[in-house]
Amino acid sequence: IGEEEMPPRDGSRPACTTLLLVAGAVLALLLPEILPARVAAISQADFRSVDGKLFNRTGPINGPELHALRNEAKAMFRHGFDNYMQRAFPRDDLRPISCRGSNSQGG
Numbered sequence: 076i077g078e079e080e081m082p083p084r085d086g087s088r089p090a091c092t093t094l095l096l097v098a099g100a101v102l103a104l105l106l107p108e109i110l111p112a113r114v115a116a117i118s119q120a121d122f123r124s125v126d127g128k129l130f131n132r133t134g135p136i137n138g139p140e141l142h143a144l145r146n147e148a149k150a151m152f153r154h155g156f157d158n159y160m161q162r163a164f165p166r167d168d169l170r171p172i173s174c175r176g177s178n179s180q181g182g
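Heads up: the sequence shown begins at 76 in my numbering, then just goes up one per residue.
Incorrect hints may appear among the rest.
Computed Cβ-Cβ distance ranges for the label pairs, DEER-style [as the list claims (entries may be wrong)]:
{"no.": "1", "residue 1": "L104", "residue 2": "P139", "range": "32 to 38 Å"}
{"no.": "2", "residue 1": "A100", "residue 2": "G181", "range": "36 to 42 Å"}
{"no.": "3", "residue 1": "F164", "residue 2": "N137", "range": "37 to 43 Å"}
Hints in this document: simulated from the structure, not taken from any laboratory.
Owing to the predicted nature of the structure, the values given are computational and were not obtained by experimental measurement.
Ideal placement from N, C-alpha and C gives every residue a C-beta, glycine not left out.
I would like the entire structure built from these sequences, with the hints used as guidance.
Here you go:
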């Protein structure tokens, strides 16, 4: 393990590691309830997701749906970029488990 991957010496976890553990536990509890319905729905048609809701429309996207998809993409980019700037800059990338930067591209 590289120095940037070492956990804190006081035994605490970075906030994003705790968040990943909580999200994993919630997913493990909900997956048996959600998965059968999702698999059945996905096997019927090609679905798009907007704000977590599945849509099976094909063809042009209408204005409100396009606006929602753009906002969702902007929010995902903003989340990743803000966390990189807060936790990893000026290093090359942000490691998701340790929430620390690394110079994987040579510095």
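Structure-based check of each hint:
| no. | hint | result |
| --- | --- | --- |
| 1 | L104 / P139: 32 to 38 Å | holds, 33 Å |
| 2 | A100 / G181: 36 to 42 Å | holds, 37 Å |
| 3 | F164 / N137: 37 to 43 Å | holds, 38 Å |
Hint violations for this structure: none, all hints satisfied.
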